[in-house]
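Trainee: Chains as they are written, first to last, in my numbering: chain P, 1 to 466; chain G, 1001 to 1466.
I should point out that these hints are in silico values taken from the structure, not numbers from a laboratory. Ideal Cβ placement from N, Cα and C applies to all residues, glycine included. Treat each hint with caution, since some may be false.
Stated by the list, open to error - Here are the in silico distance ranges between beta carbons for each label pair:
(1) N1306(G) with A302(P): 14 to 22 Å
(2) Q65(P) with R1036(G): 46 to 54 Å
(3) M312(P) with V1100(G): 36 to 44 Å
(4) A341(P) with P1293(G): 40 to 48 Å
Protein chains: 2
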Amino acid sequence: MIDEAVRQIETFRCRLGDPGVLTGAADKEPYERSARHAGGSAVAVLRPGSEAELAWTVKTLSELQLPLVVQGAATGLVGAATPTPDGRQWVLSTQRVRDVLEVDPVNRCVRVSAGFRLSDVNRVAAAHGLVLPIDLGADPTIGGMIATNTGGARLIRYGGIRENLMDVRAVLMHPAGECVGSAKGLRKDNTGLSWAQLLCGTFGALGVISRATLKLHPVQQQSATALIALSDVHAAIGLMCELEREFGEMVSAFEGISGAALEAVALHQRNVPVPFATMPAYAILVEVSSAIPPGQGLDLEAMLMNWLEKRMVAGELADAIVDKPAQLWRIRHSISESVQACGRLVAFDLAVSRSRFAEFREAAVHVVQDMIPSARICDFGHLGDGGIHLNLVVPSDLDTATIEVLRDTVYDLAVFQFEGSYSAEHGVGPYNASYYERFTSPLTRELAHSLKMFLDPRRALGNAQL
Amino acid sequence: MIDEAVRQIETFRCRLGDPGVLTGAADKEPYERSARHAGGSAVAVLRPGSEAELAWTVKTLSELQLPLVVQGAATGLVGAATPTPDGRQWVLSTQRVRDVLEVDPVNRCVRVSAGFRLSDVNRVAAAHGLVLPIDLGADPTIGGMIATNTGGARLIRYGGIRENLMDVRAVLMHPAGECVGSAKGLRKDNTGLSWAQLLCGTFGALGVISRATLKLHPVQQQSATALIALSDVHAAIGLMCELEREFGEMVSAFEGISGAALEAVALHQRNVPVPFATMPAYAILVEVSSAIPPGQGLDLEAMLMNWLEKRMVAGELADAIVDKPAQLWRIRHSISESVQACGRLVAFDLAVSRSRFAEFREAAVHVVQDMIPSARICDFGHLGDGGIHLNLVVPSDLDTATIEVLRDTVYDLAVFQFEGSYSAEHGVGPYNASYYERFTSPLTRELAHSLKMFLDPRRALGNAQL
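So here's chain P without its partners, still in its complex pose (with noise of 0.2 Å):
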């Protein structure tokens, strides 16, 4: 390690203390990998343990030009959080920026660091009978969750980060060190432009989000799950028409799985049964629930079981488990990791018009069955949502050319033909910000830059796009 960066390593050490500055290969390392992709080097790891060594840190940072990436808990799937394999910058992490986390039960909110996870903020809630019902497969911090406006399997009901968002507070790059936004919890607030909407989905692009206000809502005190066999795709989108036609707003996941998505499960989570005695073509999981306890007339259960009996006995349904909800959304949340020890993935996350699902899918489909025919299309997502994670598992020696060219012409089915989205939830970082590049039209870029160049001049927030 060079002379310079020694001192640089002391100044900070003296301010933050041991466990906020980590050099030792040992102790980086869990903050070089990446949760998809190949990991990086950093030069060390900073860790302050508030919003106030936050600032500092940053202004520091930002006063010996050095180069950085910010880190929540590194869950993100675009590589935004990792930093680049040359060594050269150093890693951000907000995990010990733990000040404040505070539910306040009468604004029906919490007040929390950017530091604390999902997880904690839902230990803390629902002591007061509260939730914060983002439902991820993943446990990141609250700051990474705003950057990259996470979404997840309850959108269809709650919204996703932005819609729950009532302040947010962050540090600048330019003026360095200083502090934005607001900690208020307001519910109505229009007078102009809004920190937290800015910095909610542009991953840590424009600053280091230090803490936020949420909305919560309160705990679900009954709900119903059924796994359902279906012969296509096309009757799934029935199905949620008129499941949202008579359950309304009690409509809280509708999740579509592919046969091949289900069948990874079954062959890679000996714990996980799969219902199923042949495996359908495709299949949803549905979820209605309520804040309403059971005994005062509303039964869910019973509706879902009356409704799923009217739609077996009309032939629209092949096949439906109603099982305890627990059970159900394991394999939801098994899918991810079954398919990827299939083998060697290419994955996709990508979303359109749920008016053109079924259509887009079959596209998709005829697309990768004619470039890789031995492709195994183990799509599955929110398609409450139009989401859908379309991965699929490739042979193992398939050259990276054919692999670009995939992507290429998947994104542009997704994006040029049904006005879709190259990444409905994961966000952009290192490892798509091509087709930022691609997708983006000149004018947003623009502004985008011409906002980069307002808050971080200098492009120290390396990572992030715009």
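Given the coordinates of chain P, assemble chain G onto it according to the supplied hints.
Mentor: Here is chain G on its own, set in the frame of chain P:
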């Protein structure tokens, strides 16, 4: 009228035709009014009849360097859509921008041009069993609703415009006439800066909204409504928490009404009976509702009656009336007009955290009574969102200077002492622009200014703050 203006009018008439250019005093008059304040005067009113005509009109106005004010239905309460009194501005009305009004029941959304009104959308949506659940006294255009991020009485359940906005298209002043944004109707799209979120709640300062896609919700199939008399506002806060805990997602309105506001209705609306024998100190209007029709076990009216009875027995309520929803909502919707009829109005549109609402209201009442002992404090508002329309009836001969001091004092109390908002849902326009200056941090104003310089460097969109 000077020759130059005559030539310019001819240019517009050539493209937009006679219905597209209004110059006669009587024709212009409806576009020169303001819903609450003094009107203004326009060179002419331009009414393009499509998005393409809108783009051409914006481009031409920009090329001719003419100052303009964009107007939807002119129902706003801060003067942002009213021309200035100097007669120099052109009104650009979006009322005839009505290219598309299309409900997509599968995607559960509406694609709609800026010039359609809320009532137009809901008429078409109702045919599909769907609704855009923004509840307002006025009937604004969709473009105006997005620009001001309209909230209303059912935000507690559905959110406001921001939470229901899928995308927006807008015409820019710079590059003049360029159309930005999208009309994809995606529920998930995490690919960087969102034009929809930038244009929502920035009062038209960044561009002219031409169309949008909004989420729709299933129409409610049952609801129960109660008007509840209370001894004070503290009791209301307690009830709000209990109601949300027991009725969860079914709570669709929780409105607060002062005794003085109820008295104003009783006095000025002969056709709207206020059902209390003695006027309470404070009242709340509660609505619970569901898309699940009666007859399936859920009976919200019985549940609400039962809930109220228990509270009556416990002595928590002074009185409670369960009546036809329409009857009770008429009381709520008559308040604004009734208070205005009582005399000279000084109105505030404030919000604070719900957990500080009661304390804030007490403090505000003290401040007003201290300064103007004869003022009648007829406050009401969306208590469930922390919103309070602190509307005061003051002596008709009260001097302007005193009113200005009163305004400053109340706003300072709300914003500085109670971390609230000086404009909860009405937005910012000429009538509260000085408070934007006072309460917005210099850095936020600078950032807004840099966006403004990028998108409207000549500041042609004149009335809008930023």
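Trainee: Just tell me: holds or violated, for the beta carbon distance of N1306(G) and A302(P) against 14 to 22 Å?
Mentor: 21 Å, holds
Trainee: Given a hint of 46 to 54 Å, does the C-beta separation of Q65(P) and R1036(G) actually sit inside it?
Mentor: 52 Å, holds
Trainee: Is the distance from the Cβ of M312(P) to the Cβ of V1100(G) consistent with 36 to 44 Å?
Mentor: Holds: the Cβ-Cβ distance is about 40 Å, inside 36 to 44 Å.
Trainee: Given the hint of 40 to 48 Å, is the C-beta distance from A341(P) to P1293(G) inside that range or not?
Mentor: 45 Å, holds
The structure fails none of the hints (numbered hints given earlier).
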